[in-house]
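Protein sequence lines correspond, in order, to chains Z and R. Positions 1 to 102 (our numbering) are the ones given, in order, by the first sequence. Positions 103 to 263 (our numbering) are the ones given, in order, by the second sequence.
Hints are not guaranteed to be accurate.
[As the list claims (entries may be wrong)] Once the Cα atoms are required to be at most 30 Å apart in a straight line, the calculated DSSO-like pairs of lysine-lysine come out as:
no.	chain 1	residue 1	chain 2	residue 2
1	R	186	R	126
2	R	126	Z	89
3	Z	89	R	186
Think of the hints as simulated: they come from the structure by calculation, not from any bench.
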Amino acid sequence: MIVPLAHVLILAAILFGLGLVCTLVWRSNVIMLLIGIEIMLNAAMLVFVGGSNHWGMADGQVFALIIMAMTSAEVSLALALVVYLHRRKNTVDVDEFRELQD
Amino acid sequence: METYLFYILATVTVIGTILAITEKHPVHAIVYLVTSFFSLASIFFLLSAPLIAMFEVIIYAGAVMVLFMFVIMMLDLGRADEAKRPPLRQWFLPVILGGIILVSIGVLAAGYVTTPHAPGAITVRDFAVTLFRKYGVAVEIISMQLLFAVVGALYLGRRRP
Chain Z
1 MIVPLAHVLI LAAILFGLGL VCTLVWRSNV IMLLIGIEIM LNAAMLVFVG GSNHWGMADG
61 QVFALIIMAM TSAEVSLALA LVVYLHRRKN TVDVDEFREL QD
Chain R
103 METYLFYILA TVTVIGTILA ITEKHPVHAI VYLVTSFFSL ASIFFLLSAP LIAMFEVIIY
163 AGAVMVLFMF VIMMLDLGRA DEAKRPPLRQ WFLPVILGGI ILVSIGVLAA GYVTTPHAPG
223 AITVRDFAVT LFRKYGVAVE IISMQLLFAV VGALYLGRRR P
């Protein structure tokens with residue numbers, strides 16, 4: 001292990017906090033909100049890989065790969081939703097999508 | 103040497119992410135994010151996960167970010183005159199919330215006693231054996247999930263009369 005596990009965890013915490021702030025702040029653009037989710041998932045992947053390196057087991061890397069597959073599924077669905085909503089309301093502002101119907 | 107490299111790359115990742123989330127133009131934000139993901143991939147390489155580093159570059163910095171860019175171009179959201187960041191009062195509370203989470207995780211992680219381990223290096227062979235022998239069911243489930251995502255995206259993207 002080249003650095004202590006605590007430093008990897010602190011880096012992951014900083015990235016997660018930044019992603020959370022991005023998700024909370026950017027209500028005016030759905031795409032930036034999705035980018036915030038990406039940053040948070042990357043922080044989770046960093047924790048998995050750091051733990052896998054610390055304990056010398058490959059399981060953490062397997063779960064990092066599974067998070068990656070899950071993210072690509074999530075992004076493809078979410079971007080399809082963004083295209084659909086933009087076609088409906090002609091905007092990407094989250095505050096515009098209030099109604100369940102229409 | 104590798105230790106210094108880790109801290110340098112960590113700084114690049116954090117600064118790239120900060121620039122990405124404060125950038126008002128979505129296309130610039132995505133380019134900053136690609137920088138951040140590249141340095142994160144190098145960190146994965148330093149943490150003896152070369153395969154994950156490769157996938158990070160190919161899938162995240164490559165495919166996912168290009169998908170975002172593609173949607174921005176398709177919906178024509180990349181106009182410079184229309185781009186605006188949220189007003190300052192919207193930043194205030196989220197930054198406080200994120201700071202609280204950050205400080206608490208930092209305090210917990212700094213007080214965490216890491217027992218020194220002497221693990222063997224994880225080779226790609228170990229990774230593959232773990233993936234397909236121990237977590238073979240997870241691979242099947244995740245492939246089904248990808249299939250469902252494709253079907254859902256096709257359903258959402260179809261032309262309605």
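TODO: Check each numbered hint against the structure and report the violated ones by number, ascending.
DONE: Violated hints: none at all, because every hint is consistent with the structure.
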